[in-house]
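Protein chains in written order, with the working numbering: chain D, 1 to 327; chain W, 1001 to 1162.
These aren't lab readings, by the way, just hints derived from the structure by calculation. The structure presented is a predicted model; accordingly, all values stated were derived computationally and were not measured. Any given hint could turn out to be false.
Pulled a few chain D residues facing chain W out of the computed Cβ check, cut under 10 angstroms [what the hints assert, rightly or not]: (1) Phe54; (2) Val56; (3) Ser58; (4) Trp103; (5) Asp203; (6) Cys212; (7) Lys213; (8) Lys234; (9) Ala244; (10) Gly274; (11) Arg280; (12) Gln287; (13) Ser289; (14) Met293.
Note that beta-carbon positions come from the ideal geometry of N, C-alpha and C, so glycine has one too.
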Amino acid sequence: MKRALVVLLLSACPGPKPLEDVKLDPPPAGQGFQLKIEPFDVAEGEESQRCYFFEVASDTPVFVSRFEIAQNPGTHHMNVFRVRTIKGLDAAPGEMVAEGQCWTSANWSDWPLVVNSQESDPGGLGDLPDGHTRWDMPADVAMRFEPHEKIMLQTHYVNATTQKTPLKARVFVNFHTIPEAQVKAEVGTAFATNQSIRVCPGDTGKYFESTCKLSMNEPITIIGANSHFHSRGKKFTISVMDPASSSSPPAFYTSTNWHDPPMEWSLNIPVPAGGGFRYRCEYEVPQGSCGNMEDGCCYTFGGKVEFQEHCNAFVYFYPKTRDVGCF
Amino acid sequence: MFGDLTKPAALTVIQRMPDGGVEDVQGTLLLQVPPQGGHVVYVGVRMTNFEGCRLDLAASVFVADGGPLETEEKRRVDLGDAGFSDPSDPANFANVPVCPNFGSHEIVGTEWTLVVEAAQRDGRSVKTALPVRFSCDAGGWDCACECGHGYFLGKCGSPDAG
C-alpha cells in the first residue's frame, strides 16, 4: 500500500515543461505596431546574426510608451536601432542581411539605439510568459519616431557550448503608442561600448571602466539599463558619473549573469547637469580556455560568443536632448 | 617590478602613436580612430620604482582650471618589459573616449587637464596632471565634425554622401 502511494505521488509530480514557440499578438489597431522576423534554424555548433530593416508605417510622428518583446530561447542579444549613416550595411524595408556586414559594429556606430533585450532563459518574469519582457515608460514619457523612419532589428542566436537554441530563432517586438498630447517628455537612449578589451587565460579581476556623458546642460533621469558581455564576464556595474566628482557613487545596476543579465526597466536615477554614467566590465578567464589561438588564446572584442568578448551598456533616460553613442 | 620600490615612484605620461610607437605627452594628444568608430586617445605610462603587473591605470580629462570631469577610462594592465605601456596592443593603454562630443565644450583648440594615475596591487599609487590640447592631425575624415560640440548621431554623414 505504501509503495503504491509513493508511486502515485511520484507520478503526480509535473515534469519539465515542454518548450513552446513564443507568441505575441500585435497591439490593437491604432495603438501601435509590431516588428517580427521570419523564424530560422540555427544549426548545432553555430551562431547567427541577422539584421532586419523596417519602416515606421505612419504618416505622422508616433510616440511609443511601451515595448513588449518575445523571443524563443537561445537569443544572445536583440537590438533595435534607427538607421543613420550608411557604411557597409543597408537594405530596403522588409529585407534582411544575414551575417557578413551584420557582424561589423562600425556599420551602426552612429545609429541611435531604440530598445534592446537579452531575455534568453525560459522562465517568465512575474505575469509574463516565458521569453517575454516588457518595458513600460513612466507616465507622460514616450519615445518619438518620425513618419516612415527606417529602423533595423538585429538578432543574434547561439546554438553552441555557451548557449543553446532548441527551437527556431523567433523574435517579436511590439511598439505600443500613445497620443502626442499625452507626452510631456521624450525618452533618449545611450549605447556605450568599450571595444579595446583583451583578456587572456589566467586573468582574474581584469576590468575596463569608461564614462559616457548623457547631459550637456540639463539634469536628466535614467529610467532603464542593462548590460552585455560573454561568458568570461563576471561582473558588470553601472553608476552615475557626476562631473563634479572623480569618484563613483555605488552602482545602480549590477549584473553577474552574462547570459541573462538583469533588464532594469523601472529605474529612477537622477543625473546632474553635464553628467552621465560609468560602466565597468570585469572578467575572469580560466586557464586552458582559448579565444584566439593566434593571439595567445586571448579574447578580444567581437560578437562571436564562443571566442570573443563584449563590454556594452544600454541606458535609457529622459528628457531627451539627443540619443548618445559612446565608444 | 621596475626600479626600487623603497624609493619614490615616478610616472611619465606617454601616448600610443599612429605608427604603433610611443611618445611622451608634451602638451598634445592625438585623436585617433579605433575600429569601432569615434575618436580616442591612447594614454599610457612609463614607471620607475613601481610594480608593473596588474597595474590600475586611470586617465581622466577635465575642463581646464579646475573644471568638471569630461571623460575618463580605467583598466588593469601589465606594463611591458621596459617599464612602460606596451604599444604592441592598444589594449595596454587607457583608451579615453573623446569623440563623438555630445558636450558643450569644443574638444579641439581648447585647453584641458589630463590626470593620469597608476596604482599597484597593494594600493600604492602615483598621480600626475598636465595641460593638454587635442589634435585631429591623426584623426579620421570626420574628426573636426565629430569632435565639435553638440554632436548628434548621424551629424557627420559619410564621405560618399552626396
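In rising order, the numbers of the hints this structure does not comply with
1, 2, 3, 4, 8, 12, 13 and 14
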